[in-house]
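K.L.:
Chains as they are written, first to last, in this note's numbering: chain A, 49 to 504; chain B, 49 to 504.
What the hints contain is simulated information worked out from the structure, not anything from laboratory work.
These numbers were taken from a predicted model, which means no experiment stands behind them.
No false leads were mixed into what you were given.
A pair holds if it fits inside one copy or across any two, identical chains being indistinguishable in the list.
Derived DMTMM-like pairs (lysine to aspartate or glutamate); straight-line CA-CA distance at most 25 Å:
# : residue 1 : residue 2
1 : Lys499    : Glu189
2 : Lys275    : Glu368
3 : Lys151    : Glu313
4 : Lys123    : Glu92
5 : Lys275    : Asp308
6 : Lys275    : Glu348
7 : Lys127    : Glu113
8 : Lys123    : Glu486
2 protein chains.
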Amino acid sequence: MKHTDTIIALATGAAPAAIAVLRISGAEAVAQTQKLWRGKILKEQLSHTMHVGWLYDADNEPLDEVVVGIFKGPKSFTKEDVVEISCHGSPFVVQKIIRAFLKNGLRYAEAGEFTKRAFLNGRFDLAQAEAVADVIASETEAAHKAALYQMKGGFSQVIAQLRQDLIHFASLIELELDFGEEDVEFANRADLKASVNRILAVLRTLVKSFALGNVIKNGVTTVIAGKPNAGKSTLLNTLLNEEKAIVSEIAGTTRDTIEDTLIIEGLLFRFVDTAGLRQTDDAIEKIGVARSYEKIKAAELVIYLFDLSQIQTPADYEQELHAAQAFGIPFLMVGNKVEHCNDFVYSTLASLPDHLLISAKQQDGIEVLKTTLLEKVQSQNFKINDTLLTNVRHYESLVHTSVALERVLNGLEQGITGDFLAMDIRHALQALGSITGEISSDDLLANIFSKFCIGK
Amino acid sequence: MKHTDTIIALATGAAPAAIAVLRISGAEAVAQTQKLWRGKILKEQLSHTMHVGWLYDADNEPLDEVVVGIFKGPKSFTKEDVVEISCHGSPFVVQKIIRAFLKNGLRYAEAGEFTKRAFLNGRFDLAQAEAVADVIASETEAAHKAALYQMKGGFSQVIAQLRQDLIHFASLIELELDFGEEDVEFANRADLKASVNRILAVLRTLVKSFALGNVIKNGVTTVIAGKPNAGKSTLLNTLLNEEKAIVSEIAGTTRDTIEDTLIIEGLLFRFVDTAGLRQTDDAIEKIGVARSYEKIKAAELVIYLFDLSQIQTPADYEQELHAAQAFGIPFLMVGNKVEHCNDFVYSTLASLPDHLLISAKQQDGIEVLKTTLLEKVQSQNFKINDTLLTNVRHYESLVHTSVALERVLNGLEQGITGDFLAMDIRHALQALGSITGEISSDDLLANIFSKFCIGK
Chain A
49 MKHTDTIIAL
59 ATGAAPAAIA
69 VLRISGAEAV
79 AQTQKLWRGK
89 ILKEQLSHTM
99 HVGWLYDADN
109 EPLDEVVVGI
119 FKGPKSFTKE
129 DVVEISCHGS
139 PFVVQKIIRA
149 FLKNGLRYAE
159 AGEFTKRAFL
169 NGRFDLAQAE
179 AVADVIASET
189 EAAHKAALYQ
199 MKGGFSQVIA
209 QLRQDLIHFA
219 SLIELELDFG
229 EEDVEFANRA
239 DLKASVNRIL
249 AVLRTLVKSF
259 ALGNVIKNGV
269 TTVIAGKPNA
279 GKSTLLNTLL
289 NEEKAIVSEI
299 AGTTRDTIED
309 TLIIEGLLFR
319 FVDTAGLRQT
329 DDAIEKIGVA
339 RSYEKIKAAE
349 LVIYLFDLSQ
359 IQTPADYEQE
369 LHAAQAFGIP
379 FLMVGNKVEH
389 CNDFVYSTLA
399 SLPDHLLISA
409 KQQDGIEVLK
419 TTLLEKVQSQ
429 NFKINDTLLT
439 NVRHYESLVH
449 TSVALERVLN
459 GLEQGITGDF
469 LAMDIRHALQ
479 ALGSITGEIS
489 SDDLLANIFS
499 KFCIGK
Chain B
49 MKHTDTIIAL
59 ATGAAPAAIA
69 VLRISGAEAV
79 AQTQKLWRGK
89 ILKEQLSHTM
99 HVGWLYDADN
109 EPLDEVVVGI
119 FKGPKSFTKE
129 DVVEISCHGS
139 PFVVQKIIRA
149 FLKNGLRYAE
159 AGEFTKRAFL
169 NGRFDLAQAE
179 AVADVIASET
189 EAAHKAALYQ
199 MKGGFSQVIA
209 QLRQDLIHFA
219 SLIELELDFG
229 EEDVEFANRA
239 DLKASVNRIL
249 AVLRTLVKSF
259 ALGNVIKNGV
269 TTVIAGKPNA
279 GKSTLLNTLL
289 NEEKAIVSEI
299 AGTTRDTIED
309 TLIIEGLLFR
319 FVDTAGLRQT
329 DDAIEKIGVA
339 RSYEKIKAAE
349 LVIYLFDLSQ
359 IQTPADYEQE
369 LHAAQAFGIP
379 FLMVGNKVEH
389 CNDFVYSTLA
399 SLPDHLLISA
409 KQQDGIEVLK
419 TTLLEKVQSQ
429 NFKINDTLLT
439 NVRHYESLVH
449 TSVALERVLN
459 GLEQGITGDF
469 LAMDIRHALQ
479 ALGSITGEIS
489 SDDLLANIFS
499 KFCIGK
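Please build the complete structure, drawing on both the sequences and the hints.
P.N.:
Next up, the structure:
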């Protein structure tokens, strides 16, 4: 799977900008740069040094004045020879330089190819490589922190420890198989069971952490629903106004018409406003509404807002409750306009779990609502500081590992023979090894790195 | 005007991308980076070296794994100490790192502030500094070439030579003033006249070159006009289809609804389609139409397209001609559908200057049209390889210089005294010196560099 050709790509954001950086990796990186270069002889320069000079094309036309940085393999990101060229951040100049290199035989890099080479050359394991993309994509404190932890290898160590425990267990079983004819049991079955149970307990904790890890990485999609005039827009504005400045500072935050985001203590909430979900005869609008329903189906939470001043009878309240339940998603019942609520309704509803009474207009109860939103998402067992599963591929691998180990546990209890146990253990080891890339395939790698940006 | 504080800015394009580069310049650049840095001791490192390490914020939270490049002044772009930090290209990470530096007392750089410092510290003259922005903004071969020539100091040398000639001339006059009481003429008046005429000839050539230099830098706005069904859209498509691929490869090419661009031999033509200019009652559309007329008023050229099959009488043709003239801009009369043209009309029109007979549909005469467009723009006296004036500020300064020298010439002819001559010469020298920045003011510099991008 080793690459041998030399690749080039633009590594920085869309020009125009002050500068743009082109990254070149491969055995020919320095020699190919030299071909276009007028300045010091590059191959004679030390690794980790920078040099100012000019690039010229094959027709002796000046391309640009640039700074060339040299990283000699294996002391580089890809462990190959790497050259980084800082040129003026003009789209035209960038294109011209790239074309000059392509003309001389370099290949334009595929998405994630630099990181893929770094992985294949042993710079880091697969989970760490995936974290590079997560660091780039992180939009919040919590997502950034989880990604950095994974990139530094914290998560990989947890997996490595599990794998080591499992290999130890497997070696005992395999030893028995070697002596299979003699019908000996080297491994005490009670010890084995205890060992599998220990591993399974860790796996279950990790798998369970994915619920939080996933929302940390991707945000919590939260539907704001309720009858017209319940105060949905007022609530959204009240929630957003305080925090909007912070959100706006972060470039690239996507917002479509029915979506707005709010960061509560480092966790990203994506609010889907159901005000857009009215009945309509307009064909285009229908498509929009259908898409919104798709989004709502994938949401984690509903804030169901109802107007307390309109609650006169138990039936009034129950109608609202049924509307909230109809979404089929965990929900908070939030009574609005608490200042117009009669005492009997107040005392009945205030004590119910997952019920909040607020005033969006008077900004009453908003802090409690935020805290409650956070609590609904963060299960009591997890804090953001713990090892969290944030990657769906890792989640699936750990579920596979768990399933295989559950079979081992059953097998032990039913006293099945060592060779059947060994088969399930091998499955478990394989699933676990795929996370950090001890076991990988071209397809798997292609799939992972195709989601990276070009130049990384 | 020297700056003493240390500044930071994002120098690369909008994240997310593989990497982002932050640039820091000033006396505190290395020491301030060290505060957040975990890695080698930066001040002990050589200039032009790169170092891999981690940045941590004041709360000991990891910010990112980065590469830090060190340029020690005066061997840097700004001639101050410069640190360039390559971090992961996440908007969130970039913000976090910048905030950590700002918290420690760095200032976010103003637009063009790095280049301004480079100019003030004598790295290059003002015309070269301005060329840095032109290189970044260049969209075509010709614009890029002119900008590089200016950045390398080619244009500055021409100005320097003119200035030297003028200073020599001035020194002769000033010498006379020193001996003013004695009524001596050190400088032969005929020689002086010849000298001013030589300088004026160069100035006139440069001023004249601005017509081409300006369109090279900014493109040629070309109106495509004509009656409905004359074939305007077919012509535009025929013109664009061949070249569109090349244009599309260059990111950032702006196109509004009524505009499309085409590069003919390295020169950018911006076509304004007057199909959008119909009479309308719609308020919004009216604003759009008004804007289009604004654009047309600033256009350089009209392609007036008329349907040859509809020309039956001289009056038919004259009506079309008047419509073309009504734009008040240089125009080409382009008869379309030549395959349906009667012989008499053909023989009458084919011989007229600035008339072309084509078939947009059958792609007949398109190459001639392109060549003619180029010729209309490139006056016969100029080639792209000559020194071209591309900057409107330089153009104005050279016009001022010329005016002052014309006064000197008149003065010489009318035999006015040396002190009046000296005053006009000083004006000329001042105007000339403002181009390369020998003479500059805070206002002028603020105006020039405010048009730069942040981080440059």
